[in-house]
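Hey, can you work out the whole structure from these sequences and the hints?
If you read the sequences in order, they're chains A and B.
Taking the working numbering, the leading residue of the first sequence gets 1, the next gets one more, and so forth.
Taking the working numbering, the leading residue of the second sequence gets 1, the next gets one more, and so forth.
Treat the hints as calculated values from the structure; they're not laboratory data.
Predicted model only: the values in this text are computed from it and were never measured.
Just so you know, even glycine gets a beta-carbon here, dropped at the ideal spot from N, CA and C.
Hints are not guaranteed to be accurate.
[Said to hold, decoys possible] In silico BS3-like links for lysine-lysine, alpha-carbon gap of 27 Å or less:
1. B:Lys-47 x B:Lys-13
2. A:Lys-12 x A:Lys-47
3. B:Lys-136 x B:Lys-57
4. B:Lys-136 x B:Lys-148
5. B:Lys-142 x A:Lys-198
6. B:Lys-47 x B:Lys-12
7. A:Lys-57 x B:Lys-57
8. B:Lys-148 x B:Lys-130
9. B:Lys-130 x B:Lys-142
10. B:Lys-198 x A:Lys-142
11. A:Lys-47 x A:Lys-13
12. A:Lys-198 x B:Lys-198
13. A:Lys-12 x A:Lys-57
14. B:Lys-13 x B:Lys-57
15. A:Lys-47 x A:Lys-57
16. A:Lys-198 x A:Lys-148
17. A:Lys-130 x A:Lys-142
18. B:Lys-198 x A:Lys-136
19. B:Lys-57 x A:Lys-198
20. A:Lys-198 x A:Lys-142
21. B:Lys-148 x A:Lys-198
22. B:Lys-198 x A:Lys-148
[Claimed, not checked] Label pairs and their calculated CB-CB ranges:
23. A:Ala-41 x B:Asn-82: 52 to 60 Å
24. B:Gly-147 x A:Ala-150: 18 to 26 Å
25. B:Glu-123 x A:Pro-119: 30 to 38 Å
26. A:His-122 x B:Thr-141: 52 to 60 Å
27. A:Lys-130 x B:Gly-147: 37 to 45 Å
28. B:Asp-78 x A:Asp-193: 29 to 37 Å
2 protein chains.
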Amino acid sequence: MPSDRAPTRIQKKNRAAILEAALNVFSSHGFRGSTVDQIAAESGLSKPNLLYYFPSKEAIHTELLSGLLETWLAPLHDLDENGDPLEELLSYIRRKLQMSQELPRESRLFANELVQGAPRIHEALSQNLKALVDEKTTLLTKWMNQGKIARVHPYHLMFSIWALTQHYADFEVQVRAILGDEDPFEGAETFVDTLYRKLLTP
Amino acid sequence: MPSDRAPTRIQKKNRAAILEAALNVFSSHGFRGSTVDQIAAESGLSKPNLLYYFPSKEAIHTELLSGLLETWLAPLHDLDENGDPLEELLSYIRRKLQMSQELPRESRLFANELVQGAPRIHEALSQNLKALVDEKTTLLTKWMNQGKIARVHPYHLMFSIWALTQHYADFEVQVRAILGDEDPFEGAETFVDTLYRKLLTP
DNA sequence: TCTTGATTTGACCATCTGGTCAAACTCACG
DNA sequence: CGTGAGTTTGACCAGATGGTCAAATCAAGA
Numbered sequence: 001m002p003s004d005r006a007p008t009r010i011q012k013k014n015r016a017a018i019l020e021a022a023l024n025v026f027s028s029h030g031f032r033g034s035t036v037d038q039i040a041a042e043s044g045l046s047k048p049n050l051l052y053y054f055p056s057k058e059a060i061h062t063e064l065l066s067g068l069l070e071t072w073l074a075p076l077h078d079l080d081e082n083g084d085p086l087e088e089l090l091s092y093i094r095r096k097l098q099m100s101q102e103l104p105r106e107s108r109l110f111a112n113e114l115v116q117g118a119p120r121i122h123e124a125l126s127q128n129l130k131a132l133v134d135e136k137t138t139l140l141t142k143w144m145n146q147g148k149i150a151r152v153h154p155y156h157l158m159f160s161i162w163a164l165t166q167h168y169a170d171f172e173v174q175v176r177a178i179l180g181d182e183d184p185f186e187g188a189e190t191f192v193d194t195l196y197r198k199l200l201t202p
Numbered sequence: 001m002p003s004d005r006a007p008t009r010i011q012k013k014n015r016a017a018i019l020e021a022a023l024n025v026f027s028s029h030g031f032r033g034s035t036v037d038q039i040a041a042e043s044g045l046s047k048p049n050l051l052y053y054f055p056s057k058e059a060i061h062t063e064l065l066s067g068l069l070e071t072w073l074a075p076l077h078d079l080d081e082n083g084d085p086l087e088e089l090l091s092y093i094r095r096k097l098q099m100s101q102e103l104p105r106e107s108r109l110f111a112n113e114l115v116q117g118a119p120r121i122h123e124a125l126s127q128n129l130k131a132l133v134d135e136k137t138t139l140l141t142k143w144m145n146q147g148k149i150a151r152v153h154p155y156h157l158m159f160s161i162w163a164l165t166q167h168y169a170d171f172e173v174q175v176r177a178i179l180g181d182e183d184p185f186e187g188a189e190t191f192v193d194t195l196y197r198k199l200l201t202p
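See the structure below:
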């Protein structure tokens with residue numbers, strides 16, 4: 001086990017390789033469906049060597065999730081009280097859609113965890129996420145009261161944005177099976193933009 | 001193994017019990033995360049007895065999925081060419097939402113499979129589902145051309161309906177973590193109704 | 001009631017899987 | 001270049017898991 005001193009060059013490289021490999025494996029097979037051997041192979045390390053850097057499979061998974069949570073919530077964090085309400089929301093939605101396109105593995109990592117009842121991130125949901133969402137829905141309600149955007153249920157508005165944007169990453173196989181060669185994200189951007197403009201224009 | 005004669009009373013009862021148990025287990029842990037022992041315990045049978053009725057874990061899973069696919073696609077099948085376009089769509093959406101509420105296990109069973117790349121139902125997606133969707137999107141396009149509903153990308157309209165309605169079943173933990181005691185489906189119905197009325201009213 | 005096919009089970013097996021460990025090897029630095 | 005900390009690995013282990021099988025039990029019709 002690496003000591004608690006500053007990480008060496010090799011430690012940095014190998015820990016990064018492991019997390020990258022784990023993201024691939026966990027996001028495509030879920031926690032239980034992934035094996036340490038798979039992650040080891042994918043990262044180019046032997047299994048004992050991998051377990052020299054992380055104490056357990058669970059530890060890798062936990063570190064991945066908590067490390068990515070911040071990235072995952074950043075767009076919502078950035079929803080700006082001082083911007084134009086409709087444009088702020090549309091830009092949030094566009095960023096979420098972009099994340100589905102550029103970080104589909106991350107999306108599926110969380111999707112896997114959530115669909116199975118979130119046994120390992122239940123706390124983060126009802127603490128961090130809940131607090132952030134409450135803060136932002138308060139802002140949304142304010143905008144609605146000011147007549148800046150149409151009045152809809154703010155929590156369900158949130159859910160709809162997550163559902164719509166993450167769908168393209170989480171259920172990518174299905175989307176591709178239907179669309180064939182058509183690029184999913186091209187049509188998606190226009191579609192969601194239209195949808196939320198119509199929904200939210202007062 | 002039961003012969004290929006007409007199933008006995010016991011066969012019917014036990015096969016049903018196994019499929020019911022398997023739905024519970026597979027939908028909450030995914031295929032790989034579920035064990036034959038779990039399904040056996042849940043169905044009240046011993047493991048060898050369970051394997052007397054189904055040749056393998058995989059066979060149970062396959063039968064579940066293919067058995068439920070029809071139920072799952074029924075609401076879309078029922079989209080009626082001769083009804084009022086907007087009302088037909090809204091009623092489809094309401095039915096999908098109701099299925100999320102009443103059959104969340106079924107929804108999560110498919111979600112688990114899809115998020116992991118649909119290794120076991122890829123064919124059904126690009127055959128049955130694709131054909132049905134193509135048929136119905138043709139109808140949607142016709143309605144759009146007739147000016148009965150607003151013109152949007154029909155495939156993405158479909159995706160949005162699936163994403164929005166199934167979200168409440170698939171990511172139920174998250175929804176509940178945010179909503180607290182509030183009933184998800186009460187707000188959801190009003191929300192999606194408003195949303196699709198605004199989107200689709202020409 | 002007797003017989004025969006259907007049903008059930010305890011014991012068992014091979015393989016997979018997460019994890020350990022001692023020994024070997026490598027690297028950076030004095 | 002020598003040395004000690006850091007790194008790597010082959011061999012191994014215990015428990016979990018999917019699946020088998022022969023023997024025992026049960027149920028329904030002749």
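*Just pull the numbers of the violated hints for me, sorted ascending.*
3, 19, 26
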